[in-house]
Structure formats: structure tokens, C-alpha cells
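Chain by chain, the residues run as shown.
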Amino acid sequence: MPEYYPPSNAAPNVPMMHIKVKILRFNPEKDKKAHWETYPVEAQPADRVLDVLNYVKWFVDPSLTFRRSCMHGICGSDAMMINGRNQLACKTLLRDVVKEGGTLTVEPIRGLKVEKDLLTDMEPFFDAYRAIMPYFINESPPPAGERLQSPELAERMAQSSNCILCAACTTSCPIFWVNGSYLGPAAIVQAHRFIFDSRDQATHQRLNIMNQNTGVWRCRTAYNCTEACPRDIPITQLIEEVKRAVMYQQS
Amino acid sequence: MHHRYDVLVVGAGGAGLMAALYAAKGGVSVACISKLYPTRSHTGAAQGGIGAALGNVAEDHWEWHMFDTVKGGDYLTDQDAAEIFAKDIIEAVYELEHMGLPFSRLDNGKIAQRKFGGHTRDFGKAAVERSCYAKDRTGHMILQTLYQQNVKAGTNFYNEFHVTDLIIEEGRCRGVVAYHLASGELHTFHAKAVILAAGGYGRIYKITSNALTLTGDLMSIYYRKGLPLEDMEFYQFHPTGLAKLGILVTEGIRGEGGILRNSDGERFMERYAPTIKDLAPRDIVSRSIITEIREGRGVGRDRDAVHIDLTHLPREVIEGKLAEITDLARTYLGQDPVKDLVAVQPTAHYAMGGIPTDINGLCLADGNGTSVEGLYAAGEQACVSLHGANRLGTNSLGDLIVFGRRAGIFAAQYAQQVEYAEMPEDPERETVETLDRLKNASGKENSAMIRKELQESMMNNVGIFRNGPDMEKQVEIIKELKARYTQVGVSDPSVRYNSELLEAMELGFMLDCAEAATASALNRKESRGAHDREDFTERDDANWLKHTMAYKDLGNPDNVIIGYKPVSLKGYTRAFEPKPRVY
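Chains A and B supply the protein sequences, listed in that same order.
Read left to right, the first sequence gives residues 0 to 250 (numbering that gives the first Met the number 0).
Read left to right, the second sequence gives residues 0 to 582 (numbering that gives the first Met the number 0).
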């Protein structure tokens with residue numbers, strides 16, 4: 000084995016970094032439990048963590064398994080725990096997380112069953128999403144053109160509709176780890192997106208879902224979700240806004 | 000495992016989700032299968048907008064949009080498709096709004112619109128605000144909204160199912176075979192009608208805006224049946240990808256007033272397109288950028304990029320209307336559009352060509368209008384020839400909404416009229432053979448290495464500027480890569496989530512797409528739209544005003560047979576005579 004594997008996509012005239020990538024591996028077909036494997040890699044400071052994972056998969060160990068698609072933070076496939084923090088591998092640059100000679104650790108997001116290496120079962124996450132009625136509801140006949148909405152009211156959805164359903168927030172939430180029935184931050188963000196849409200008519204039903212014991216009151220304002228969000232959505236603040244809306248509805 | 004649905008949709012991006020919704024409205028059973036989770040599809044990466052002549056900001060008419068589409072396509076656009084499109088898209092945008100899509104708004108509450116490349120008023124007189132947008136994440140909002148509507152409609156989703164074969168017998172499609180990534184099992188989907196909407200194949204190029212998953216799978220499967228791929232030589236390079244990375248920087252950046260500058264700080268587009276400058280269509284801007292670079296006026300370490308300049312715009316516009324790309328430039332290049340010039344270079348972006356269809360989405364088996372019964376296609380995968388030789392910005396989102404909807408409607412109608420056609424005895428046979436070959440091959444070759452060589456050579460030899468000798472060289476390179484591909488073995492024996500196996504299959508599909516694109520490009524001896532030949536620099540309507548149909552020679556798999564199909568030069572009520580294309 001070489002001391003360091005050569006760079007994946009090296010641009011000329013750029014200094015190289017020598018790092019070790021420590022990945023939590025688990026293949027249920029042969030492993031009883033997860034174990035760490037370390038790969039020395041030569042890379043460039045502006046490379047993404049995803050570039051390094053791709054490199055390992057393509058040229059070192061093809062059995063390494065993870066999800067990825069767009070490579071620029073919009074598809075939401077590659078949320079994983081990088082140096083102990085949930086991030087998208089494609090939006091995390093090496094220079095921000097590891098120094099020359101240092102070690103980078105990569106693990107799957109927590110709270111969902113690990114199917115293989117960094118790939119987890121996403122069904123419980125999407126079940127929570129589907130539980131909040133994540134679709135626009137307005138039973139009145141639509142006008143010939145658009146339903147009008149002021150720029151200010153449209154802006155009300157700007158943060159929540161920015162969500163890419165990557166699950167970084169929900170799987171960073173300590174409540175979600177210990178209580179699998181909690182809908183979790185991502186589902187609440189989706190509820191917020193419709194609750195505060197001036198055109199939607201199902202606010203009451205959604206607030207009722209949020210008021211159940213799987214809903215917003217489970218949130219303990221730990222702010223992990225806000226810190227984990229790769230889209231900079233102020234999730235904890237949005238959850239608080241939903242809590243307030245539930246209280247106003249009850250009063 | 001065996002499944003049965005009236006209509007089966009392959010692909011869960013914008014076209015597939017729209018098709019699935021409309022098929023469901025047609026009162027038939029519907030399933031949608033995707034090799035990803037539905038919200039991961041690449042429609043989500045579209046940024047700038049969806050063009051429709053709503054006239055919310057300035058006077059606009061569908062005829063102007065139709066004209067821009069036809070002229071933008073360098074007159075290779077089928078005008079019947081362009082007319083349907085320019086009319087239908089207006090209604091379709093309102094429909095998206097009624098589905099809850101959070102569009103950006105004007106002060107009067109209507110959907111906001113902005114300028115985009117090649118969109119003009121009065122048949123080319125000046126730029127017009129036609130692009131309806133949701134900040135600069137319009138595609139993301141379309142994808143989310145359509146997925147939401149499918150959740151509401153109860154569409155059956157099969158996630159992470161990779162289609163490996165289409166079952167077509169006696170001219171009729173009967174279903175598909177798919178590999179379930181989670182279990183490693185093969186599933187057969189028996190259907191009355193199948194709609195293909197699995198996107199493009201930009202990953203055959205080294206610098207691309209496309210996701211890693213865009214490997215042309217269904218195009219290749221279609222082509223392997225001896226069925227044609229249309230206009231594969233027309234591949235669009237988006238002028239502005241982030242330097243080195245190819246990540247899309249929306250044309251909305253120029254629609255909002257961004258200016259391209261060379262190393263002298265010159266606004267060079269004034270020389271190439273004096274009327275609409277930076278808002279010229281993509282093929283023209285991409286060529287202009289490459290010309291600047293070739294003439295030594297590039298920027299950056301390798302002088303292979305140019306700058307996009309936003310610094311004269313207010314911070315609110317940049318961080319508000321262009322938030323997504325502001326974040327991308329800051330994250331990946333460390334350049335802040337508010338105060339820095341951002342380095343961009345053309346990036347492989349969009350296939351104008353693909354599986355030929357009629358205006359209802361029905362797949363065509365040749366240039367004479369023979370159809371494949373029960374098989375439909377829409378979106379980037381398909382070539383109804385709306386985009387001709389060059390697609391206008393915003394017309395891809397429009398295409399997948401308008402033609403995804405039509406495919407859904409007509410597939411459902413067809414499914415209601417017919418009985419299930421019988422499946423062959425062993426539909427999975429070919430897939431089983433392919434998988435066995437990959438698992439048992441020598442493993443002397445590495446699929447990642449072959450893929451890398453394919454991507455680099457396609458970039459060099461069949462890129463923005465092409466010529467005969469380079470493309471002849473590329474034909475030989477692809478032959479050699481195909482031979483090496485037979486030696487690729489999969490080393491991971493896992494049954495579950497074997498992504499190595501999936502990637503090896505994808506490489507086979509990419510090689511086919513590259514082969515068809517190269518053969519089509521080598522054959523077309525003229526320059527038109529995105530197909531620009533250094534050895535045949537003029538557009539030649541006398542000989543080449545026709546669509547290319549590329550067929551795999553089933554008797555000699557390294558040979559490509561080229562046929563043709565006439566261009567529809569008339570719409571239903573309008574027709575635009577081919578004219579020189581100047582802006």
C-alpha cells in the first residue's frame with residue numbers, strides 16, 4: 000500500500016495536503032459491528048469531503064458505500080457526520096475541517112438504522128415528513144391567473160422552503176435519538192412552510208398535528224438542528240414560531 | 000418480484016413527477032420508480048426560472064416566446080412543439096402556483112419575472128422579463144412542490160430502483176426490469192404504458208453541472224434495442240459554471256444585470272452580440288467565452304475562466320434574488336459576489352437530443368413516424384425537439400412541465416384503452432447476463448479509470464468547438480474504452496446496496512451515449528446552435544436542416560447507423576422561416 004493515495008482531481012500548481020480519513024465502516028453481510036478504517040489521502044485544501052470519499056471508493060476500496068448525487072448542496076443526499084458534526088460532504092471543504100497531516104473522521108448520521116457504511120435507512124425520516132401533510136391545501140376554485148400574494152408574505156416561506164430534506168437537522172437532535180416518535184426538526188420546518196403560507200387553508204389541521212405529543216412540544220431548544228443545517232435555516236427559531244402559533248390557536 | 004401498474008413512470012424529477020400526477024388524474028394505477036430518493040433528482044439544481052409569457056412585468060405574448068425558442072434553436076426546433084409549448088406553459092405556470100409553489104412576487108402580488116438569455120419582445124427587438132422565479136432555486140421549488148403533490152395523490156414510489164432493461168416486443172413496450180439497490184433483487188414491472196423521464200447524461204463530460212447520477216441510463220437502454228437517439232450532437236454548455244467545478248451559476252445572474260468581463264476588465268459580449276450582449280443565448284455566450292480564453296484574455300491561475308461581475312448591484316439583490324449562487328461562490332471559490340468578481344467557465348449542462356417523441360410524448364422508432372406502442376418519454380431524456388440546436392434558458396423547466404404533463408395524459412388514455420400485453424417468459428434474462436458478466440469479469444480494469452478517460456476525452460474532442468480529426472480520434476477512443484469495459488469486474492460481493500455494481504452499469508450506459516453523440520456530431524458537417532465545427536463554420540440549411548437519428552448497428556456494435564428526420568417548419572397557426580441568427 001502506498002503511503003498516501005494520489006489526488007483524485009488535482010489541479011496543477013496547487014499545494015497538496017496529506018491527511019488521513021477515518022471512516023466508520025459497517026457491512027451487515029460480514030460485520031457484527033461497525034469498525035473504523037483509515038485511508039491516507041493526498042488532496043487539495045479546496046477539495047470537498049465528498050471528493051475524498053469518491054476517491055477512496057473509486058480507486059482504493061470500491062465497497063465503500065454512501066449516497067451522493069448533485070455535489071453542490073442542493074439534492075440533500077450526502078448528509079453525514081464529519082468530525083462529529085452533521086454536514087453535507089459536498090459542501091464541506093477540507094481546508095475548513097482538517098489541517099495538513101491531520102485526521103478527518105466520517106460517520107453516518109445518527110438515529111437512523113445504518114444499512115451499510117455511511118448509508119442509512121431514510122424511511123422513518125420520510126414517514127415523519129409525510130405525517131405533517133406536506134402539500135398545499137386550498138379547496139376554493141383557483142382563479143384564472145395566480146393567487147395573489149405580497150412579496151412580504153411570500154418571504155415568510157423563504158427560510159422553510161429552502162429545506163432540502165437532507166436530514167442533517169433531525170439526526171442531530173438529541174430528542175430524536177432517544178424518542179423515535181418525535182417528528183423532528185425537518186418535519187416541523189415543512190409544517191412551518193405551509194402554516195405560514197397565506198394561500199394555504201389547512202393551518203388548523205397542521206397546528207393540531209404539531210400540538211400532538213410527537214410534535215413541537217418535544218423540542219428542548221438545544222439548537223443542534225440550527226447548527227447542523229447546511230442551508231442556514233434558523234430551524235430552532237422556526238420551531239418556536241410554530242409553538243407560538245399552536246398556543247395562539249388554543250387561546 | 001413482480002409488479003403490475005397501468006402506467007409506470009421511470010424517473011422522479013420534474014418530468015416524471017408531473018407525468019405521474021397527470022397519469023393518476025387519468026384514473027389509472029400509477030407507480031414511479033427512481034434510482035434516487037425522489038427529492039434528490041437534478042431538477043432541484045435548476046436555479047433561474049421558468050419562462051412563460053405572463054406579461055407580469057412587461058408586455059409579452061406566446062408568439063414572441065415561440066419565436067425566441069425557434070430562433071434560439073437555430074431553426075432546428077420543431078415548430079409544432081414550440082407552439083404548443085409557448086401556449087401551454089402559461090397555463091402550466093399558473094397551475095404550479097395553484098399547487099402552492101412559492102414564487103417570488105411583484106409588489107402587486109403577481110408572480111415576479113426577470114430577463115433571461117435569448118428571451119425577447121417583438122421578435123428579437125430587446126430583452127424581456129419572461130422568467131418566473133422563486134429566488135434562484137426555482138427548480139428546487141418545482142421538484143419539492145411536485146413531490147408534495149404526489150404525496151397528496153398517493154403515488155406509489157419505488158425508491159432506489161435502477162432500471163436495467165425495457166421490455167419491448169413486437170413494437171410494444173410491456174414493462175421494465177429494475178435492480179433494487181437495497182436488496183440486490185431484480186423486480187419486473189409489468190405495465191400497459193411506460194413513461195421514461197430519467198434525465199440527461201452530462202456525466203460523460205469532465206466539467207459538468209450535472210449530478211453524478213446523470214449517466215444516460217434509459218437513453219442507452221433504448222439505443223441498445225436498435226432504436227434511434229435524435230440530435231445527440233447538440234449538447235449545451237452553460238456559459239457560467241463555477242471555475243474548475245462546473246457547478247451551475249444561473250443565467251439569472253446576467254438577467255439581474257451581471258456582466259461578463261475578460262482579463263482586461265472588458266465587457267466582451269458587446270463585441271459578439273451587440274443587441275442583447277450578456278443575455279445572448281447560451282451557445283453564443285459559451286463560444287464567446289472560449290474565444291476570449293483562447294485569445295489569451297482568460298482569468299485565474301490557468302487563465303481558463305472569465306469573470307462575472309455583480310459588484311455594481313445592490314447587496315439586497317445579490318443576497319436576496321441570487322442567494323443560492325452567492326452561497327455557492329462563497330463556499331467553493333471563497334469569492335463573494337457582493338465585492339469580488341467570480342470566476343466562471345462553460346460547463347456541460349443539457350442534452351438537446353435524446354429519445355425521439357411526437358408531441359404527445361409517444362416514442363418514435365425511426366424518422367418516418369413509426370411509434371413504439373405504450374412507450375412515452377419526457378424531459379431532458381426525450382427529444383420532442385422543442386430545443387432544436389440550442390435550448391433557451393428556462394425552457395428546460397418549461398419543457399418538463401408541459402411535456403411531462405402531456406406524456407402523463409396520453410399514457411393514461413392509452414392505458415385505459417388497452418389490455419396488458421403479455422410479458423416474455425424470462426424478462427430478466429438480459430439483466431441477469433449483464434450482472435453475471437460484471438461480477439465475474441477479470442477485474443483487470445477499473446471502471447472509475449475508464450470513466451475518467453471518457454470524460455476527459457469527450458471534453459477535449461466533442462466539446463464546445465469540434466472538428467473532424469478530433470472526433471474521428473474520439474470514435475477510436477470510445478471503441479477502445481468499450482473493449483476495456485468488458486474487463487471491468489466488480490470486487491464488492493455484497494448483495495445489499497452494491498453501489499459499485501450500480502456505477503459499473505452506469506459506465507456502460509455512458510459509453511453508449513458518448514458513442515451516439517460523437518457519431519452524430521462527426522456526421523453533421525455544418526455549424527448550428529451548440530454544434531460548432533471549426534472545419535465547417537457555416538450553417539447549411541440546404542443540406543442539414545434535418546434531425547439526426549443515430550442507431551446502434553446491432554450486427555456490428557461498434558458501428559453507428561445515421562438516419563434523418565425532417566424538421567417541422569410550421570406550427571399550428573404560426574411559422575417562422577429560417578433566417579440568419581444574429582442578436
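Please note: incorrect hints may appear among the correct ones.
Stated by the list, open to error - With a Cα cut of at most 25 Å, we get these calculated DMTMM-like pairs of lysine to aspartate or glutamate: (1) B:Lys243 <-> A:Glu41; (2) B:Lys451 <-> A:Glu41; (3) B:Lys338 <-> B:Asp357.
Don't read these hints as lab results, they were simulated from the structure.
Checked hints:
1. B:Lys243 <-> A:Glu41: holds, 18 Å
2. B:Lys451 <-> A:Glu41: holds, 18 Å
3. B:Lys338 <-> B:Asp357: Violated - the C-alpha atoms of B:Asp357 and B:Lys338 are around 48 Å apart, more than 25 Å.
Going through the hint list in order, the structure does not satisfy hint 3, though it satisfies all others.
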